[in-house]
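Number of protein chains: 2
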Amino acid sequence: MTVRLENLDYLFNPGSVAFVGATQAKVKWGFIVFNNLVAGGYEGNVYPVNPRHDELLGMKCYPSVRDIPYDVDLAVFTVPASAVLPAMADCIAKGVKAGLVITAGFGELGKEGAALEAELVRKAEEGGMVLVGPNGQGACCPANHLYPWMPLFYPRAGGVGVICQSGNILNMLIGHALDAGFGVSKAVSSGNEAQLKTEDYFTYLASDPATDVIVAYVEGVEDGRRFLELSRAAASSKPVVVLKGGRTDAGMKAASSHTGALAGSAELFDSACRQAGLVVASTIDQAGITASSFVNRPLPAGRRVAIVTGGGGLGVIAADACTDMGLEVPRLSQATLEKIGALLPDYWVPGNPVDLVAGLDLRVIKPILEALLTSGEVDSVLFIFIESQRSKGIKITEVDGQAVELGVIWDMMTQKLGEYLADLYVMARDVGVPLFVSSNFEQVGGAEPGTLGGGKNPMVYLDVESACAAIAAMSDYADFKRSIS
Amino acid sequence: MTVRLENLDYLFNPGSVAFVGATQAKVKWGFIVFNNLVAGGYEGNVYPVNPRHDELLGMKCYPSVRDIPYDVDLAVFTVPASAVLPAMADCIAKGVKAGLVITAGFGELGKEGAALEAELVRKAEEGGMVLVGPNGQGACCPANHLYPWMPLFYPRAGGVGVICQSGNILNMLIGHALDAGFGVSKAVSSGNEAQLKTEDYFTYLASDPATDVIVAYVEGVEDGRRFLELSRAAASSKPVVVLKGGRTDAGMKAASSHTGALAGSAELFDSACRQAGLVVASTIDQAGITASSFVNRPLPAGRRVAIVTGGGGLGVIAADACTDMGLEVPRLSQATLEKIGALLPDYWVPGNPVDLVAGLDLRVIKPILEALLTSGEVDSVLFIFIESQRSKGIKITEVDGQAVELGVIWDMMTQKLGEYLADLYVMARDVGVPLFVSSNFEQVGGAEPGTLGGGKNPMVYLDVESACAAIAAMSDYADFKRSIS
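Sequence lines, in order, name chains A and B.
Those letters in the first sequence? Residues 162 to 646, by the numbering used here.
Those letters in the second sequence? Residues 162 to 646, by the numbering used here.
These aren't lab readings, by the way, just hints derived from the structure by calculation.
There's no promise every hint is true.
Each pair may be met inside one copy or between any two copies, as identical chains are not told apart.
[As the list claims (entries may be wrong)] No more than 27 Å apart at the CA atoms, straight line, and that leaves these computed lysine-lysine pairs for DSS-like:
(1) LYS221 to LYS187
(2) LYS500 to LYS255
(3) LYS527 to LYS187
(4) LYS500 to LYS527
(5) LYS255 to LYS577
Using the sequences provided together with the hints, build the complete structure.
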């Protein structure tokens, strides 16, 4: 293959973009994607291409890419499948560096479509152009306000890189990064992967300084050996989380008609991925949540977890989940238990999980977490904060003529907790013991999950099972990193 | 045992409530729970009991329950553990029918606590009083605006009954019912279950006409045979979803210090539960989502699922998930595929999942779903609606001097879809083929999940994996129902 991977820079940071198939019919992708490119805030030059228009969105429209009298770095295609090849020939003649083909109707349609797709690749490689797609929803690079894609959605810039053979799963994984308080470095809906494969994007993102972690949805892998080699190389420099679609017969059939993917044995693929240092997720949510878990957090040195919980039931669920996922919930030393016990009511039962027994004095939480982080007895600390739902417009009851709004008292207490946690994240980083915080109702100390510390701190988990899965994934990845160091 | 289960009516529908341990210190459960009882809107008589006060929240306060000159149906206890027994003696003397002991410090503390707990039970049974707890967060019955519990939260009335040996998991399961657009019939945090066990609440709720489905978190089962017998009897009349905590060594240890539960082998318990017709969930979210799945929806007649998806990737994930969970994604007949194909673009690849290939004409969705519901070829239909995130304050671009707000166009299209779906749910009920709708971004036709049709229609799923798990659970339960009919 003669892929000039460095030309991917022109996909994410082009000086100018030609849009082949721009139109004014509002319920067509040729309008929606084009409008996103313009309205998303991209500051480079945009050249709509459509022989049936002189002007679109107030811009001069060209009959073909050849007719554009300026340099073009990136070309986006939404014209029908039959029109892509001739338009690409124009791009090659023009010296376009990267092509983003959104148009469907290629390899996923069978033999004839696959032949047309192969021709596209041949043409692109002849001209040294990188080819993204076809049959994807587009790509984005928020740092450059560049959103040539389908959704009416311009996520913010951050450290999560996302590669998906599915546009809708791309959007969901991006949603997870945003929910966690982070943003997106680069995102690509890789579609049929006619030329550039998932592993090529891994290679690119692995050396992209803006990307902290990579998350991917993979349907088909054409060359398993190449995929694993390049994946391993990428995983050696930063965490790569993958979700595999088409693991079952029914799923494979669906994948084949979706992106023309050919899938192999799910178990083999899974274990090969793990050996290559990839973090393998089993659901979309798990992939998204696990990826963000790596941001702003040290890797654990081992598998021992201390659990501190505001409510016993969630401690039980967390202990079960940790054990299920190959983590340990070790007995704590007498000294540590005594230190903790001194802060809790008489009816506290010493142990790990440390159950805060529904205590209302939230000031004890900080010293308890500190004791565990610095104990040397555990490699990760999971704190399960219990915030209950709150009814709006709760009635105020008078006590001795004084208005009592319980929610306000609770907010004051939890706000302090938010401050404690920000301090504790610093301590956790200093001692190299990651701190994971789960809160069952979207708030810790009045802050949305992940926003605690303005996205500078680790994410907060909405369910304990996800937090445990993240600890296990990070422990696995830490093992891989140690194995190659 | 001499449990008068009918007295549980007095827990949920008391004419009067004595609150033993009411206080005015705002950061004490004796205030918070008492305040919730009053502020939640309960219309019966409330009698605070505390020898150190003459008046609380504007109500006359009594030194003991004996001193209340009126009938008392329910007594709530937040006094310290050592004070519960004498207060209960007063209640027995007074003829109180139900006792709700929130106080902790009993069986979960070991031998001494267990002895005190046994004494409580003896005393209660002597007087024919049902005993809820100790060591729970309380209970609620929204239809009676009755919320004698810890959270500052008054969920609305509806068909989901919730029983939990953990207060925080109770709140989370209730949250799921509300998110699904439904409400709560009765909810109990059963705590240490000194007298009334999970299976007793099952028995009660099984004959409660306000309860459509029961969901429970179980930590320990004292008498496995009794649990399974009563569970089976309950499951014979309505669906019962259970989540088991303490499945692993670490979890069991935590459960034992949380509610004094003694746990057995997880696998044995699981399989026995399934044989008894219970639906066994493996995470808190799954328990909550699966329970609401049963509301307003017919049971499937078999395991064949048709998947219709707005995006290929989610179709692949759904096909994988269905297969993993023992469902079939069968090939559709040529006739059905042709009927569907006539509505879709040329580049559609016939198959199941039916991929709508990112088409923008949402009018085809209704006839496609109708064709599948009435095909006789499947037992459930899963429709995966793709709604992407939407950036707020999206810029408006001018076309021919006309303002274009793409979001508005999209809203108009999806609003129609909301109407279609309401019709389709009626058809689904008529033909006895349940319709499951998943939407990845909290909206279908502008409606919040579950609110489509004002809570009268089935819930909408936020992730396809949960929808598939629900279909599998409902198929299992349908099998059980057929096996006993």
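Status of each hint after checking the structure:
1. LYS221 to LYS187: Cα proximity of LYS221 and LYS187: one copy only (18 Å, versus 69 Å across).
2. LYS500 to LYS255: Classified as neither; 72 Å inside a copy, 45 Å across copies.
3. LYS527 to LYS187: between (55 Å within a copy, 23 Å between copies)
4. LYS500 to LYS527: Within one copy only: 13 Å inside a chain, 64 Å across chains, cut-off 27 Å.
5. LYS255 to LYS577: Intra 61 Å, inter 45 Å, cutoff 27 Å: neither.
The structure fails to meet hints 2, 5 from the earlier list, while all remaining hints are met.
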